[in-house]
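**Q** Residue numbers (the numbering used here), protein chains in the order written: chain D, 1 to 112; chain W, 1 to 115.
Because the hints were derived from the structure by calculation, they are not lab data.
Everything numeric in this text was worked out from a predicted model, so none of it was measured.
Don't take each hint at face value.
[To be verified] DSSO-like, lysine-lysine: derived pairs with alpha carbons at most 27 angstroms apart:
1) D:K57 - W:K37
2) W:K22 - W:K71
3) W:K42 - D:K13
4) W:K68 - W:K42
5) W:K71 - D:K57
6) W:K68 - W:K57
7) W:K57 - W:K22
8) D:K57 - W:K42
9) W:K71 - W:K37
10) W:K68 - W:K37
[What the hints assert, rightly or not] Per label pair, the in silico range of CB-to-CB distance:
11) W:S12 - D:R108: 41 to 51 angstroms
12) D:I12 - W:Q14: 34 to 44 angstroms
13) W:G55 - D:S79: 43 to 53 angstroms
14) D:R15 - W:T78: 41 to 51 angstroms
15) W:T112 - D:T110: 24 to 34 angstroms
16) W:Q14 - D:L83: 35 to 45 angstroms
17) D:G28 - W:Q81: 28 to 38 angstroms
18) D:G16 - W:K68: 42 to 52 angstroms
Even for Gly, the Cβ is constructed at its ideal location relative to N, Cα and C.
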Amino acid sequence: KAGVTQTPRYLIKTRGQQVTLSCSPISGHRSVSWYQQTPGQGLQFLFEYFSETQRNKGNFPGRFSGRQFSNSRSEMNVSTLELGDSALYLCATSDRGNTEAFFGQGTRLTVV
Amino acid sequence: GENVEQHPSTLSVQEGDSAVIKCTYSDSASNYFPWYKQELGKRPQLIIDIRSNVGEKKDQRIAVTLNKTAKHFSLHITETQPEDSAVYFCAASPKASGSARQLTFGSGTQLTVLP
Numbered sequence: 001k002a003g004v005t006q007t008p009r010y011l012i013k014t015r016g017q018q019v020t021l022s023c024s025p026i027s028g029h030r031s032v033s034w035y036q037q038t039p040g041q042g043l044q045f046l047f048e049y050f051s052e053t054q055r056n057k058g059n060f061p062g063r064f065s066g067r068q069f070s071n072s073r074s075e076m077n078v079s080t081l082e083l084g085d086s087a088l089y090l091c092a093t094s095d096r097g098n099t100e101a102f103f104g105q106g107t108r109l110t111v112v
Numbered sequence: 001g002e003n004v005e006q007h008p009s010t011l012s013v014q015e016g017d018s019a020v021i022k023c024t025y026s027d028s029a030s031n032y033f034p035w036y037k038q039e040l041g042k043r044p045q046l047i048i049d050i051r052s053n054v055g056e057k058k059d060q061r062i063a064v065t066l067n068k069t070a071k072h073f074s075l076h077i078t079e080t081q082p083e084d085s086a087v088y089f090c091a092a093s094p095k096a097s098g099s100a101r102q103l104t105f106g107s108g109t110q111l112t113v114l115p
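Here chain W stands alone, though its shape is the one from the complex (with noise of 0.2 angstroms):
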């Protein structure tokens, strides 16, 4: 089955500098890469999602890159401020239809934004 590794568990940025997650990710099937942001006590909230037959995707301050060929996507927050600091995971999924997927997720990452 898919395994997805994320690195780093833990980053502290200085607001406005910039933070980037990594994950890679085992099964070539796979071809959704959601990142989902958590803050202590909520729900994982989607915050961008990459498919692949893109390279790159941005919105706003958030983007994702994806390398099909070595196997690995990244998540780049740009400008960060306090409200970024969560937890993010990153997630994989073979190509389905009509469903909610069965996501890998990544172990997280606790993004700290400091003041």
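With the rest of the complex left out, here is chain D (with noise of 0.2 angstroms):
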């Protein structure tokens, strides 16, 4: 079956734009979860939805938002984006009952 797909891959928006990011999870899943990935912070935990409720969210700004749809499909959205947004994005995917989570192959955001 397909994979978990991000759109789009690469991204390049200026300071004080807003961006949305999408992800699809692998049919059948309906939990999804973002990462943000740095080379200074690593992989933090952004937020995590299940059956369009948000259950987690990790310690980032306002800012960062997301929404999950009656598909599954989910997607998170930063406005005011600043220099420090710079970052590759990935989401993750879970079904029900299985904990692996399968990881998409991310957006990439360039904040200039």
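Two chains, two separate frames, one set of hints: put the complex together.
**A** This is the structure in structure tokens:
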């Protein structure tokens, strides 16, 4: 079956703009988590959605938000972009009762 | 919250030798410990995981051990090959159900296998 798909793969944005990233999970997977990966901070948890509800949230400012649709696809939004938001954003999905997290290939965001 | 420390940050071994990466965690509620391999420019891929009710798990050349009392777990790779060269991340997660879990990752180990 198809893997986790993230779009777009690459983005370049200007400070102050906002951006929306998309994650389509493996068919049947209802849980989606988002992570930010940077050389300095490593992999950090942003938030997790299950059945359209946010269940967990990491220690990120309110500029970072997300949502999940009825088909389990998820989007994350970053408003008022800062240079420090430049990172690889990864989503990971899982099906009910299965704890293995499958990662997408990520979206590389560059803020200039 | 959970805190995961990983050592060493870089590791070079000769092809055929063994490699060991160690992690410690802080939250006694964590009960799931996966290891991910990330090659340059690619997504993290799960290579092995262990739950807190198991002390050791093996999969061919890869093994993971868990010491709940000491709150540490280790990845062992035997007979290393050049294709094992990558960044390895450990992670810990508290008990959850029906979800991808909130994984707290270690800082990563760059493993280089020298031919």
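**Q** Hint by hint, say whether it matches the structure.
**A** Here's how the hints hold up against the structure:
1. At roughly 25 angstroms between alpha-carbon atoms, D:K57 and W:K37 fall within 27 angstroms of each other, so this suggested pair holds.
2. Simply put, W:K22 and W:K71 have alpha-carbon atoms about 11 angstroms apart, close enough for the 27 angstroms limit, and the pair holds.
3. Annotation: proposed proximity of W:K42 to D:K13 holds, straight-line Cα distance about 22 angstroms (limit 27 angstroms).
4. For the hint linking W:K68 to W:K42, the alpha-carbon distance of about 32 angstroms lies beyond 27 angstroms, and the restraint is violated.
5. Restraint check for W:K71 and D:K57: satisfied, since their Cα atoms lie roughly 24 angstroms apart, inside the 27 angstroms limit.
6. For the suggested pair W:K68 and W:K57, the alpha carbons sit about 14 angstroms apart, so the restraint of at most 27 angstroms is met.
7. For the given pair, W:K57 sits about 15 angstroms from W:K22 by alpha-carbon distance, which is consistent with the 27 angstroms threshold.
8. About 25 angstroms separates the Cα atoms of D:K57 and W:K42, which keeps this hinted pair within 27 angstroms; it holds.
9. Of the pairs offered as hints, the one joining W:K71 and W:K37 holds, with about 22 angstroms between alpha carbons and a cut-off of 27 angstroms not exceeded.
10. Our distance criterion of 27 angstroms between C-alpha atoms is met by W:K68 and W:K37, whose separation comes to about 23 angstroms.
11. Judged by the Cβ atoms, the range 41 to 51 angstroms given for W:S12 and D:R108 is violated: they are separated by roughly 28 angstroms.
12. Judged by the Cβ atoms, the range 34 to 44 angstroms given for D:I12 and W:Q14 holds: they are separated by roughly 41 angstroms.
13. A hinted range of 43 to 53 angstroms holds for the C-beta pair W:G55 and D:S79, which are about 46 angstroms apart.
14. A beta carbon spacing of about 48 angstroms between D:R15 and W:T78 agrees with the range 41 to 51 angstroms that was offered as a hint.
15. For W:T112 paired with D:T110, a C-beta distance near 28 angstroms keeps the hint of 24 to 34 angstroms intact.
16. A beta carbon spacing of about 41 angstroms between W:Q14 and D:L83 agrees with the range 35 to 45 angstroms that was offered as a hint.
17. The beta-carbon spacing between D:G28 and W:Q81, approximately 34 angstroms, falls within the hinted interval of 28 to 38 angstroms.
18. Between D:G16 and W:K68 the CB atoms are about 48 angstroms apart, so this pair conforms to the stated range of 42 to 52 angstroms.
Of the hints listed earlier, those the structure fails to meet are numbers 4 and 11, in rising order.
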